[in-house]
Each structure stands twice: as C-alpha cells, then as structure tokens.
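A.B. asks: Here is how the chains run, residue by residue.
Protein chains: 2
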Amino acid sequence: MKKILFLLSISLWLISCNQKPEKPIDNNKLSSEEKIDSTNIKTLFNSALTNGKSYEWLRDLTSNIGSRLSGSEGAAKSVIWGKNLMKEVGLDSVWLQPVMVPHWVRGEKEIATYTTNGVQKNVPICALGFSVATPKSGVLAEVIEVKSIEEAKTLGAKMEGKIVFFNRPFDDKLINTFKAYGGCVDQRVNGAAVCGEFGAKGVIVRSMTNSIDDYPHTGTMNYGNLAEEKYIPTAAISSRAANILSDDLKENPTLKFYFKQSCQTLPDAPSFNVVGEIKGSETPENIMVVGGHLDSWDLGDGAHDDGTGIVQSLEVAYLFKKNNIKPKNTLRVIFFMNEENGTRGAKKYAELAKLNKENHIGGLESDAGGHTPRGFSIDANSSNTKLLQSWKKLLSPYGLHDLDKGGSGADIGPLKDENVTLVGYRPDSQRYFDYHHTSIDTFDKVNKRELELGSASMASILYLMDKYLYSNSPVKP
Amino acid sequence: MKKILFLLSISLWLISCNQKPEKPIDNNKLSSEEKIDSTNIKTLFNSALTNGKSYEWLRDLTSNIGSRLSGSEGAAKSVIWGKNLMKEVGLDSVWLQPVMVPHWVRGEKEIATYTTNGVQKNVPICALGFSVATPKSGVLAEVIEVKSIEEAKTLGAKMEGKIVFFNRPFDDKLINTFKAYGGCVDQRVNGAAVCGEFGAKGVIVRSMTNSIDDYPHTGTMNYGNLAEEKYIPTAAISSRAANILSDDLKENPTLKFYFKQSCQTLPDAPSFNVVGEIKGSETPENIMVVGGHLDSWDLGDGAHDDGTGIVQSLEVAYLFKKNNIKPKNTLRVIFFMNEENGTRGAKKYAELAKLNKENHIGGLESDAGGHTPRGFSIDANSSNTKLLQSWKKLLSPYGLHDLDKGGSGADIGPLKDENVTLVGYRPDSQRYFDYHHTSIDTFDKVNKRELELGSASMASILYLMDKYLYSNSPVKP
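Listed in order, the protein sequences are those of chains Z and Y. The letter at position 319 of the first sequence is residue 319 when you use the numbering used here, and the numbering goes up by one with no holes. The letter at position 424 of the second sequence is residue 424 when you use the numbering used here, and the numbering goes up by one with no holes.
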C-alpha cells in the first residue's frame with residue numbers, strides 16, 4: 001500500500017512537471033503569413049538551442065584572447081579573430097574598416113589604503129578610463145564624501161587639496177538595473193571634471209553596481225572642458241569598501257586616504273571595425289545591421305560586455321544561413337571597435353555610411369549582457385514602432401514580452417534617422433552589474449542556453465524586420 | 001572639438017541608458033481599487049529590494065546547516081532553525097507538525113570506472129535516492145545503452161547480467177527546461193524497476209540536465225512492484241560521462257563498467273513540517289498557504305532546491321508585517337518536510353487539514369529555484385483562473401507575464417479541490433537544471449535581487465489572492 005501511495009505521488013509529481021506549459025501559439029489566431037513566421041521563428045530557436053555556435057565562439061574569444069581594450073594587443077588580436085570567424089561562417093563578404101581609437105593604458109595595479117583607529121585598511125580600487133596617473137608617490141589627503149555632482153559643486157573651494165568621494169548608490173527599487181546605472185554613472189563620468197576645477201587632489205567613486213562586494217568597476221570618464229593642468233586622478237572603489245569608508249568617515253572625518261595609479265593616455269592607435277554581410281536577395285541596396293562591440297575593458301575577459309553581443313550577432317547570420325533563410329535586404333554583421341571609451345568605431349561606421357550614401361533601414365544591437373531574454377527596446381518612428389509591437393504574439397512564447405519604446409545602443413545609435421528602425425536587445429538585467437567592467441566579467445558567468453536563446457531572439461526579430469520593414473521601406477526595388 | 005564630440009557621445013549613451021523603460025503602469029487604465037493594488041504591490045517590491053531578509057536567511061541556512069536530506073542531522077537542525085526564524089519574524093503562532101519520513105543514506109562516496117582501448121576512465125557517479133547498495137565488491141558487467149523505458153522493456157532477457165544505461169538526453173528545443181525534465185525523468189525513477197524484473201545487474205542513468213558537465217545529479221527512484229529480492233543498484237552518471245561512455249560503447253560494445261555504492265534505506269525517522277501563521281483579520285477560518293520544502297538532497301546545500309522557496313515563503317509574511325498589510329484570511333507559511341523522497345510532509349499536512357476540517361482557499365508554492373521571476377502557473381477552477389489572469393496588468397511591470405494554467409507544486413498539490421486556488425511560482429528555468437540535485441546547488445548560485453524579486457512577486461499575488469479570493473470564497477463571514 002505504501003508502495004502504491006508512493007507511486008501515486010511520483011506520478012502526481014511527474015504530471016505536475018509536465019503541466020508546466022510550453023505555451024504553444026494558438027495557430028487559429030494567426031493569419032497564414034503569421035503561421036509561416038511562427039514556423040520560421042521556431043526553426044531559428046530549435047537551431048540555436050541544438051546547433052548553436054555562440055557559446056564555443058565566446059569560450060574561444062574569452063579564453064584565448066581575453067580582454068580587448070582599444071589600442072591593446074588583445075583588441076588587435078580580436079580583430080583578426082573576428083574577421084576569420086566571419087569568413088568561416090561563410091558571409092558573402094568580410095572586411096575591416098579602419099578607425100583611429102583612443103589608447104589608454106592602466107599601468108601597474110593600483111593601490112589604495114587608509115588607517116583609522118590604528119587599523120590599516122586596504123581598498124579594492126581601479127583607475128577609471130582616461131584618468132591621469134597620480135604622482136609617483138601617490139595622493140594622500142583627507143576625504144569629503146558627497147552624494148552627487150550638485151552637492152560637489154556646492155562645496156566649491158572647500159574641496160581644495162582634498163579627495164572627493166562620490167558615494168551615491170544604485171537605487172535598488174528600480175526593477176531595471178540599467179535605469180539605476182543611468183541614475184548614478186554621472187558621478188563616475190563627470191566627477192573629476194567638476195572637482196578638478198576646484199582644486200581637489202583626486203576623486204574616488206563608488207563602483208557602479210547593485211551588489212555589495214569587493215570588485216572595483218572601471219569605466220570611462222572625461223575631463224570635459226577642464227584645463228589640462230587641472231586634471232586630477234580618479235578611480236573606482238568597491239561597493240563594500242565604499243560602505244566601510246563612509247562609516248569610518250563618520251567616526252573619523254579627518255582620516256587620510258591614499259591611492260596610487262600609473263595609468264596614461266597614449267597617442268591614438270589604429271584599429272578596425274570588423275564588418276561582414278549576406279547580400280540581400282531582393283533589395284541588396286537596403287541594409288540592416290546587427291552588432292555588438294569587440295573591445296572590452298581590461299580587467300576581466302569582456303564576456304558579458306560585450307563578448308556575448310558579438311557572438312550573438314554573428315550567430316544571427318549563421319542561423320539564417322544554416323536554415324536557408326535568405327534576407328531580402330543586405331544583412332550586415334558589425335563588430336564595432338571602441339564602444340567603451342570613445343565609440344569611435346560607431347561614429348566611423350555612420351560617417352562612412354553617410355559618405356557612401358548607403359541606405360540603412362534597420363539595426364539591432366546586443367550590448368546589455370547575455371542573460372535570459374526579456375525583449376527589445378525600439379527606437380523608430382511611430383508606425384514602425386507599432387509594426388514591431390504587433391509581433392508580440394509571435395515573440396512572447398519565447399519569453400520576449402518587452403517591446404517598449406526606448407534607446408537602441410551606443411554603436412548603432414549614430415545611424416538614427418526618421419526612417420531607420422533601431423532596436424536594442426534587452427535580456428534580463430538583474431545580474432549584469434554584478435560583473436560589468438570588473439575582473440569577474442568572465443566566461444563562466446555566461447549560461448549557454450541563455451546566450452543561445454538571445455541569438456535566436458535576435459535572429460527572430462531581424463527575420464521579421466527584414467520581411468516587413470522591407471515592404472515598408474522608403475526605397476523600393 | 002574632439003572633447004565636445006566625446007561629451008556628446010557620452011550624453012547620447014547616458015540618454016540611451018535612461019531610456020531603458022521602467023514601464024510604469026498607466027494609471028488612467030486602472031480602476032480606483034486597482035490603483036490601491038498597484039500602490040501596495042509597488043510597496044512590497046520596494047520593501048523586498050531594499051530591506052529584504054531572504055538572502056541572509058538563505059546564507060545562514062546553506063552555510064551553517066547545509067544539506068537536509070530527510071532523516072539526516074541537517075534536516076533535524078533545519079526544523080529548529082525554521083521554527084526559531086518564524087518566531088523571530090513575529091508570526092502569530094508557530095508549531096511543528098510531526099511526520100514520519102523515509103531515511104535513506106548514501107554511505108561512502110560512490111566509485112565508477114571502466115577501461116577501453118587500454119585507457120581507464122573514472123566516471124562521476126552518485127547513487128539515486130532509495131537505491132540499494134551494490135555488493136561490497138561492486139558490480140562489473142557489460143553495458144546495454146537504451147534511450148527509453150519502452151526500449152528497455154523490448155530487451156527482455158537480453159539484459160540479464162548486464163548494466164542497463166539509460167541515455168535519453170533533455171530535449172534542448174523545449175524553452176521551459178522543466179518540460180525537458182518531465183520528458184526524461186521516467187528513466188531515473190522507473191529504470192531500475194523495469195530492468196530488475198529482467199535480471200539486469202544494475203542501472204546507470206544519464207544525469208537530468210541540459211548542461212554538459214561533470215556533476216552527477218541524484219534524485220529519487222522507486223522499485224515499484226518489484227519483488228525485493230530483485231532490487232538492483234541504480235545511479236546517475238554525469239552528462240559528459242554519459243556522452244563519452246556512449247561513444248566508447250560504439251567502438252567497444254563489450255567494455256565492462258564497474259560501479260560500487262553502499263547506500264541503504266534505514267527505518268522511517270521522526271521529523272516535522274514547520275508551520276507558522278498570521279491570523280486573518282476578517283475570516284481567520286479561511287486559510288491561504290505559502291511554502292516550499294525544507295529538506296534537500298545531500299550532495300549540495302539545497303540552495304535553489306529548495307532553500308530559496310523556504311526563505312521566499314517566509315519573506316512573504318515578513319513583507320506583509322513590515323508593510324502593515326493585514327491579510328483578511330489566515331496566511332500560513334509552511335516549510336514542508338520530505339518533498340524530495342516521499343512528500344510525506346505534504347501528505348501529512350493535507351491529511352490533518354481534512355481531519356481538522358480546515359477551510360483552505362488558496363496556496364502558493366515556490367519550488368522551481370530562485371531565478372529571475374517570470375510568472376505563475378495556476379491550478380484552479382475556471383472562474384478563479386480567469387480572476388488571477390486578470391491581474392496581469394498589475395504584475396507584468398515586474399516581469400511577471402506568465403499566468404498560464406498548469407500544476408502548482410508537489411507540496412501543496414494534495415490540497416487540490418474544486419474550490420482551492422493553487423499557484424506555483426515560476427521563475428526563469430534556464431539555469432535551474434545546471435544545479436538541481438548536485439554538489440553545486442550552493443548559495444553562490446543565487447542572485448540576491450532575483451531572490452528578492454521572487455519574494456515580492458509571491459507576496460504580490462498572495463496579496464491579491466487574499467483580497468479577491470476572499471470575496472469569492474464559498475465560506476463567508
């Protein structure tokens with residue numbers, strides 16, 4: 001009897017597993033054209049999940065090349081890697097687009113420390129991109145903590161000779177962590193420009209993350225219109241160190257913080273965007289781009305930022321070819337160079353597109369990590385926005401529910417025009433800022449299926465854009 | 001000029017960050033009652049994300065107690081831990097519900113190996129729950145590979161003296177990995193019962209996972225109606241080892257596989273469900289339950305399965321109390337014992353509920369991991385299913401789009417009745433089977449925000465169920 005009860009309970013539980021719904025689309029609710037689309041989208045997902053290449057490509061990029069900061073040896077190697085890989089996938093043509101990029105180098109590992117109540121504390125720190133070095137002996141000064149650029153400005157001359165500590169944390173209440181990032185990153189980008197003007201000796205910034213941990217997050221900054229002789233060194237400290245320092249300052253407001261860094265900006269270096277395309281079968285003069293950025297910060301391996309975007313973009317073309325989906329418009333895959341500190345590759349691409357009178361009708365960028373798909377953000381005129389939103393019933397069975405108006409991405413952004421439909425791929429954002437711009441943005445943080453689902457999501461919306469924006473396009477055959 | 005261009009590009013990129021929409025609900029589309037609900041749900045999310053306790057509770061449970069297999073010392077400790085924690089949260093009453101549970105122990109670490117082409121290969125292996133041991137000297141036999149229970153049955157007497165190797169992998173094309181699990185797990189549960197009947201010497205099963213890695217996944221099995229003298233030992237091998245063994249068998253079909261395990265089933269042991277409740281303010285005789293299971297497999301720390309469900313369930317009550325949301329019906333938090341191998345706690349709870357003529361109106365279970373929220377699965381009559389689905393506009397701003405009919409969970413399932421609305425929390429499933437029932441189901445795999453968003457998601461639907469199922473309930477004040 002016990003056995004029978006047990007068997008029954010196992011069956012019940014198996015049924016409960018099986019009942020978790022796969023959510024097939026109700027075919028009766030689809031037009032005949034939509035049925036074809038639904039089938040093709042299913043094919044793209046099946047193909048990505050069973051024969052996807054992106055995960056092994058990413059493993060190769062991150063383990064055999066690693067970090068790829070503009071101007072670095074890693075960046076140069078990744079250009080060759082990208083070109084060879086595009087050829088291997090069999091794109092109709094592959095070329096390199098020369099672009100001069102900033103060349104900032106970190107130098108020796110940074111040091112930061114302070115002593116309070118007789119206890120010396122070492123602080124996880126990293127210089128911000130474009131920061132100048134400290135003097136060789138480092139910077140030692142009292143610390144003023146502020147929560148915003150505005151607060152810093154009100155300090156004025158009080159900050160002379162001091163280190164200003166920007167410590168406004170992410171707003172954890174925001175569901176989308178990119179919004180929290182957007183609400184804080186001005187401290188990192190503009191802090192040194194503001195405080196340099198008033199004679200501060202340096203700026204340290206709380207790392208841009210929701211997580212409380214020991215990893216400093218680097219990222220770009222700039223000195224704005226500050227006179228060069230007023231440039232001051234600036235760095236990020238880990239979120240946990242920021243909390244501890246803030247507490248220590250309450251108890252001991254005159255403690256002296258020390259940090260040392262030897263970074264420098266070298267002359268601009270030659271580099272390349274890597275571009276490949278599948279020629280359009282009907283209107284090859286119309287171009288749709290899909291891309292991410294090949295460069296990364298120097299601390300980790302640039303796995304989520306933006307190795308995933310690179311391999312997903314190429315996988316879109318691979319999935320089209322593998323499943324014999326021939327785009328009507330030309331599909332161009334772009335590995336942009338220098339998104340992180342300058343977006344020179346993006347600007348060069350848009351500049352040449354204009355110069356060569358190329359007709360771009362759409363673009364898709366993946367630069368928000370390789371986590372589980374949630375949807376897309378649409379930057380288009382209102383009729384095309386509505387068109388894309390009408391595809392929700394085809395996309396939602398794959399977890400793609402978000403089809404809101406919003407930005408696309410820093411690399412395709414310069415192509416913006418009334419008639420160009422730009423789309424940003426939007427995976428789940430919860431884990432992204434755990435790794436962003438740190439030493440732990442590494443391959444092991446990427447889940448194979450999440451990555452592949454992203455490739456398939458991107459391929460699906462591009463398949464629809466190719467089919468329907470085409471007939472919607474101002475340039476017709 | 002360069003600087004100005006650079007500043008422009010930074011601004012553009014900041015705008016693009018800020019444009020990622022937070023998706024506020026359009027208040028004009030809500031009724032006045034829905035506006036109140038929307039505000040309360042926002043409060044629950046804000047509270048979980050800024051003052052949540054679940055992550056630290058989970059750290060405590062997983063690091064200070066660890067695994068909690070029924071009948072083990074860890075399980076006993078976790079009962080006390082759970083009772084104390086419920087009291088600490090300030091539930092109106094907390095009690096233990098005695099239940100006898102199976103007591104299976106793994107014994108020494110299992111060994112598996114075989115030699116092919118002169119090369120000895122060690123195989124990551126673990127016994128399945130309820131399996132008998134091998135003889136002390138182990139089992140050595142030729143291997144027959146099959147892909148299904150049906151295929152095994154057709155072998156009949158051919159499997160006598162052999163080890164049968166079940167090697168049907170997950171269907172990677174299924175988006176929901178639970179569905180893939182449901183389509184494979186019969187091999188693990190029933191393989192030994194079928195092959196024991198025909199005199200096989202043992203059964204090895206490919207681990208239940210999408211991932212190709214080196215971790216064997218344990219889990220429950222049963223011998224069904226097999227006579228006890230025909231019981232044969234059964235174990236899981238890692239997915240990578242399964243692939244390699246399958247290849248080796250093609251080349252060398254007569255290779256001999258060896259494995260040894262010393263697990264045994266001891267007499268049933270005394271244990272407890274841990275139960276606590278907040279008394280309903282209007283109809284305390286109506287009960288809504290929220291729970292997960294306190295027991296876990298013995299290999300990891302039971303972080304995702306089901307530590308997350310436990311701490312999220314208690315956090316629901318914590319969030320209600322913290323935000324002064326007084327449930328009209330009694331809200332009962334249950335840490336069920338023995339979900340993994342027997343669901344005795346669930347049966348005992350349902351049995352006593354019936355015996356005591358308790359009126360359950362709803363239940364929510366979290367036993368699908370602590371990943372980013374996707375929605376809920378609803379097991380209710382059609383009018384209540386529609387009612388719950390009508391809350392989509394309130395829930396979707398938090399990524400909760402899935403509100404499909406389906407199973408709820410193994411622990412609340414026995415409460416099923418025409419008038420009881422049962423709901424399963426459904427987080428994203430992509431990473432779950434990377435860890436499920438393995439040594440790597442540990443705290444570091446859980447993301448704090450994803451966990452907290454889950455607690456808030458659960459609290460939100462329970463808030464709505466409490467408010468609206470109440471007026472919908474057959475028992476009225």
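Be a bit skeptical, because a hint or two may be false.
Identical copies carry no separate label here, and so any pair may be met within one copy or between two of them.
[Unchecked claim] Keeping only pairs whose Cα atoms sit at most 27 Å apart, straight-line, the calculated DSS-like set for lysine-lysine is:
| # | residue 1 | residue 2 |
| --- | --- | --- |
| 1 | 179 | 321 |
| 2 | 386 | 29 |
| 3 | 179 | 354 |
| 4 | 445 | 53 |
| 5 | 35 | 179 |
| 6 | 153 | 77 |
| 7 | 136 | 347 |
The set of hints was computed from the structure by calculation and includes no laboratory data.
A.B. asks: With reference to the structure, classify each hint as holding or not holding.
C.D. replies: Right, here's what the structure says about each hint:
1. 179 with 321: neither (36 Å within a copy, 29 Å between copies)
2. 386 with 29: both (19 Å within a copy, 19 Å between copies)
3. 179 with 354: Classified as neither; 32 Å inside a copy, 49 Å across copies.
4. 445 with 53: Cα proximity of residue 445 and residue 53: in one copy and across copies (17 Å, 25 Å).
5. 35 with 179: Between copies only: 24 Å across, 36 Å inside.
6. 153 with 77: So residue 153 and residue 77 fail the 27 Å test inside a copy (43 Å) and across (55 Å) alike.
7. 136 with 347: neither (36 Å within a copy, 71 Å between copies)
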